[in-house]
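Sequences listed follow chains A and B, in order.
For the first sequence, the residue numbers in the numbering used here are 5 to 525.
For the second sequence, the residue numbers in the numbering used here are 5 to 525.
Worth double-checking, as some hints may not be accurate.
Pairs count within a copy or across copies, as identical chains cannot be separated in the list.
Stated by the list, open to error - Simulated crosslink set (BS3-like; lysine-lysine; CA at most 27 Å straight-line):
{"id": "1", "residue 1": "Lys-516", "residue 2": "Lys-83"}
{"id": "2", "residue 1": "Lys-83", "residue 2": "Lys-489"}
{"id": "3", "residue 1": "Lys-323", "residue 2": "Lys-516"}
{"id": "4", "residue 1": "Lys-323", "residue 2": "Lys-514"}
{"id": "5", "residue 1": "Lys-467", "residue 2": "Lys-107"}
{"id": "6", "residue 1": "Lys-107", "residue 2": "Lys-83"}
{"id": "7", "residue 1": "Lys-516", "residue 2": "Lys-489"}
{"id": "8", "residue 1": "Lys-489", "residue 2": "Lys-467"}
{"id": "9", "residue 1": "Lys-489", "residue 2": "Lys-323"}
{"id": "10", "residue 1": "Lys-489", "residue 2": "Lys-107"}
{"id": "11", "residue 1": "Lys-323", "residue 2": "Lys-467"}
{"id": "12", "residue 1": "Lys-514", "residue 2": "Lys-107"}
{"id": "13", "residue 1": "Lys-107", "residue 2": "Lys-323"}
By construction, these hints were calculated from the structure, which means they are not laboratory data.
2 protein chains.
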Amino acid sequence: MAELSSPQKRKRSGGRAGHAGRRGSALIEQAPWTLPINRDRPTEPMSEEGVARMHNAAMRILEEIGIEFLNPEALDILKAAGCTVSGENVRMGRDMVMELVAKAPDQFTLTPRNPDRQITIGGGHILFGNVSSPPNYWDLEIGRKVSGTREQCRNLLKLTQYFNCIHFAGGYPVEPVDIHASVRHLDVLYDKLTLTDKVMHAYSLGPERVEDVMEMVRIASGLTHEEFDASPRMYTNINSTSPLKHDWPMLDGWMRMARRGQGLVVTPFTLAGAMAPVTMAGAVAQSLAEGLAAVVLAQIINPGAPCVIGTFTSNVDMKSGAPAFGTPEYMRATQMTGQMARFYGLPVRSSGVCAANVPDGQAMWETEHSLWAAIQSGTNMVYHAAGWLEGGLIASPEKFIMDCEVLNQLIRYMDPDIWDTSDDALAIDTIAEVGPNGHFFGCQHTQDRYTTAFYQPFLSDWKNYEAWEAAGGVWTVERAHHMYKAIVNEFEAPPMDDAIHEELQAFVAKRKEEGGAPTDF
Amino acid sequence: MAELSSPQKRKRSGGRAGHAGRRGSALIEQAPWTLPINRDRPTEPMSEEGVARMHNAAMRILEEIGIEFLNPEALDILKAAGCTVSGENVRMGRDMVMELVAKAPDQFTLTPRNPDRQITIGGGHILFGNVSSPPNYWDLEIGRKVSGTREQCRNLLKLTQYFNCIHFAGGYPVEPVDIHASVRHLDVLYDKLTLTDKVMHAYSLGPERVEDVMEMVRIASGLTHEEFDASPRMYTNINSTSPLKHDWPMLDGWMRMARRGQGLVVTPFTLAGAMAPVTMAGAVAQSLAEGLAAVVLAQIINPGAPCVIGTFTSNVDMKSGAPAFGTPEYMRATQMTGQMARFYGLPVRSSGVCAANVPDGQAMWETEHSLWAAIQSGTNMVYHAAGWLEGGLIASPEKFIMDCEVLNQLIRYMDPDIWDTSDDALAIDTIAEVGPNGHFFGCQHTQDRYTTAFYQPFLSDWKNYEAWEAAGGVWTVERAHHMYKAIVNEFEAPPMDDAIHEELQAFVAKRKEEGGAPTDF
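Construct the complete structure from the given sequences, taking the supplied hints into account.
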């Protein structure tokens with residue numbers, strides 16, 4: 005644990021939230037932490053009639069076909085609330101669905117241990133989280149795909165903390181398969197809570213894990229149980245087992261978190277042509293039905309529980325059966341889901357995803373397509389927004405840095421200062437002053453504004469070819485690699501109170517002694 | 005000329021338009037030639053009041069500050085039409101401007117020598133052209149920036165013809181500096197007209213060049229002069245010399261083409277902080293004023309002449325003064341220009357641009373930003389949509405191929421089949437049939453649709469990491485390089501009638517004997 009505790013030791017004298025702005029500023033210049041608002045009108049491919057038809061299809065799936073809930077407790081709750089339960093199949097009428105879904109808030113906050121890192125889900129915000137759950141890792145130095153380790157996971161968590169454009173910590177940025185599965189959640193949550201002060205996530209992979217993570221988040225925030233339950237402090241994300249099924253551990257975590265009023269994200273993985281119809285409308289309808297079914301369950305348990313409807317609808321490569329991401333069909337499915345989420349009054353989650361195996365041009369155009377789909381759909385939470393490769397099977401620090409450059413540009417893109425049409429911005433007097441034979445470099449209007457007028461990249465190289473060549477002719481992926489090394493080497497963990505840190509360590513030690521979580525559910 | 009004439013010789017027996025679909029199909033599978041329609045609602049950052057303020061600013065520039073027209077003939081025409089001319093400064097009232105701009109059509113056709121390649125500018129279409137005018141070239145084999153040559157130019161023209169997603173041939177895809185400037189236009193237009201059958205462009209760089217190019221296009225199309233003049237067959241693009249100036253040769257070409265009813269695109273190069281105000285609203289207002297002034301001139305000369313308003317407003321890197329492209333500010337300026345173009349009832353031109361020096365991740369995220377700005381702005385003509393690097397100073401065949409993969413995805417993105425919500429697409433019966441324990445691979449609904457349900461890439465590699473590695477672990481840029489070589493090696497020029505070909509060759513020979521065009525204007 006020596007390696008683990010040292011960053012914290014150095015920072016223990018610091019205040020809780022005072023250093024976020026300064027930290028790392030020596031390495032790169034990045035915009036300060038902000039919760040960007042997406043003011044663009046969403047792109048809505050479906051007509052009003054199309055929305056009605058899509059809604060009707062989702063309701064018919066819930067009413068006529070039903071969803072399987074592989075969890076007896078969930079079945080009891082749904083039956084008591086008036087659903088038609090037959091074995092594990094649950095059907096529910098559209099009136100009930102709409103009444104319960106309407107209880108979910110259209111926006112809510114999530115407050116991590118550093119209250120300055122509170123985020124608002126909904127309300128026009130678009131927020132970004134790190135890549136989550138790849139079992140494998142790739143970086144330029146290793147040069148090949150390898151199994152994830154705790155050290156890689158910690159390094160990616162440092163990037164998660166370092167970049168202001170990452171608003172919440174998703175699942176494990178890479179699965180540290182060198183830690184036994186029974187205690188993995190304890191070690192990684194310890195790393196997450198000490199290396200970052202952003203909003204935490206719990207995998208719904210069994211009661212012990214969910215309870216442990218909630219307890220660790222509570223301890224790290226210095227809260228009583230009552231304070232923890234009083235407002236959302238963290239969230240879980242569950243995936244249905246498409247088609248038409250929610251499995252036991254996902255539902256168990258979902259219900260536990262619902263009872264305690266924590267954030268709930270449901271994201272069916274409806275790959276068109278595999279786990280859902282080959283047509284995008286069918287895949288979206290099925291995804292909505294699966295997602296809304298979980299929202300209904302949460303609202304029965306805790307009316308007003310904060311829910312987010314996610315989309316992971318994409319298509320397979322019909323040649324190989326492999327999933328593809330950032331495709332034209334993926335983009336439209338995401339937009340269609342956003343359109344329906346507004347119809348249901350729910351915040352939306354989508355992703356920053358690609359099929360590419362290495363952080364090259366393809367990786368960036370596919371990721372750009374998924375990020376623009378997020379913006380166009382009115383997405384509020386963008387999962388996997390930094391570091392994702394190979395359809396989520398690889399995490400890469402270079403890709404993480406490249407994505408953060410893009411995210412910073414997108415955040416600046418949302419700054420209404422750019423399209424200000426005040427007299428100052430229209431600058432007629434300046435145009436008259438400079439006239440046809442001058443230039444604007446030296447004029448007062450420029451001098452007063454040039455340091456903040458334009459986005460300044462930290463990774464993009466805007467030098468001309470000759471200057472770029474003279475500086476070594478370094479391609480983007482290699483620049484990102486050097487930046488990753490520098491950030492990790494100079495990383496300072498956010499401050500944590502000594503007593504809290506010790507309580508957290510003690511909790512981890514105790515739970516390890518008890519054997520952690522079962523691995524055979 | 006042996007190398008030049010051989011492709012044509014092989015094809016002389018073919019019909020004019022019959023082979024476009026078949027050609028090259030052995031190499032890659034690409035979607036057929038189509039004129040995509042952009043049905044997305046444009047992204048409009050400015051409020052209605054903002055539009056009014058922007059219009060007022062553009063009008064005040066025209067009324068109070070004026071534009072310099074460095075061409076006596078243009079000055080005479082503008083003066084006779086009622087403008088206030090003082091030396092080279094021309095001021096014009098907003099009533100006159102709006103009356104004349106209203107005469108320009110909101111859409112028009114351009115018909116090249118192969119009438120099947122006719123394109124419609126406006127009317128919701130978004131069309132793409134190749135990179136134009138870089139003086140330099142880079143490819144993976146050479147591995148460094150070199151001066152452009154005719155061979156490179158010809159190879160890039162082959163790509164222009166090969167890819168169905170390229171709708172029009174812009175300027176020279178790389179400047180062949182190994183041909184003397186006096187005859188360069190003759191050789192390149194010969195190459196363009198024989199290697200492609202798409203819409204042609206003329207540089208407005210002196211009367212001889214413009215007249216030669218119009219004559220060569222007329223000959224290649226087998227038209228009389230009257231037929232050529234009867235509808236737009238080609239176009240020119242002029243850039244103002246910002247701030248506030250149109251220079252002699254640009255105006256000369258503009259007026260010649262206006263008289264003959266050909267396509268007219270005006271694109272001020274208003275780099276905010278250099279040739280225009282540092283604020284984007286000011287840069288856009290100035291760009292609009294410069295552009296509208298040229299449209300006014302064209303409409304005086306030939307009311308109803310087909311005009312397009314272009315935008316090339318971006319920002320400089322305030323650290324180095326170098327231009328940057330695909331920036332957040334670039335995107336919003338493009339959207340704002342699109343908003344104003346709709347206000348004026350004019351088609352819009354923007355670009356597919358980047359600052360990156362090599363075709364890597366940065367090149368693709370910057371190009372993606374400019375392409376999405378084109379879509380969001382309602383752009384009708386996307387210049388430089390394939391092959392551009394280093395702010396337009398480098399043409400690259402690898403970048404060309406990578407861009408074409410993206411363009412194909414964007415064209416598919418616009419296909420309304422994706423968001424069809426018919427009963428067939430919603431597929432409720434299929435969802436019921438497959439149920440919670442099946443999968444959709446084998447069902448009839450999938451079998452009936454899987455070959456056409458999803459976009460299939462030609463360059464993206466969707467294999468998993470292991471399969472990709474087994475196939476050599478080839479990064480995108482290298483895959484693009486191999487594809488470039490294969491396309492060029494197997495290229496077949498579009499058919500051209502023997503007599504027309506000979507007439508074209510004779511014209512080039514005669515004009516070369518006469519000395520070509522002066523190079524000292």
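Hint check:
{"no.": "1", "hint": "Lys-516 / Lys-83", "in the structure": "neither (38 Å within a copy, 89 Å between copies)"}
{"no.": "2", "hint": "Lys-83 / Lys-489", "in the structure": "neither (54 Å within a copy, 65 Å between copies)"}
{"no.": "3", "hint": "Lys-323 / Lys-516", "in the structure": "neither (46 Å within a copy, 53 Å between copies)"}
{"no.": "4", "hint": "Lys-323 / Lys-514", "in the structure": "neither (51 Å within a copy, 55 Å between copies)"}
{"no.": "5", "hint": "Lys-467 / Lys-107", "in the structure": "neither (53 Å within a copy, 43 Å between copies)"}
{"no.": "6", "hint": "Lys-107 / Lys-83", "in the structure": "within (19 Å within a copy, 68 Å between copies)"}
{"no.": "7", "hint": "Lys-516 / Lys-489", "in the structure": "neither (32 Å within a copy, 59 Å between copies)"}
{"no.": "8", "hint": "Lys-489 / Lys-467", "in the structure": "within (23 Å within a copy, 29 Å between copies)"}
{"no.": "9", "hint": "Lys-489 / Lys-323", "in the structure": "between (38 Å within a copy, 25 Å between copies)"}
{"no.": "10", "hint": "Lys-489 / Lys-107", "in the structure": "neither (47 Å within a copy, 60 Å between copies)"}
{"no.": "11", "hint": "Lys-323 / Lys-467", "in the structure": "between (41 Å within a copy, 10 Å between copies)"}
{"no.": "12", "hint": "Lys-514 / Lys-107", "in the structure": "neither (39 Å within a copy, 81 Å between copies)"}
{"no.": "13", "hint": "Lys-107 / Lys-323", "in the structure": "neither (44 Å within a copy, 52 Å between copies)"}
Violated hints, listed in ascending order, are 1, 2, 3, 4, 5, 7, 10, 12, 13; each of the other numbered hints is respected by the structure.
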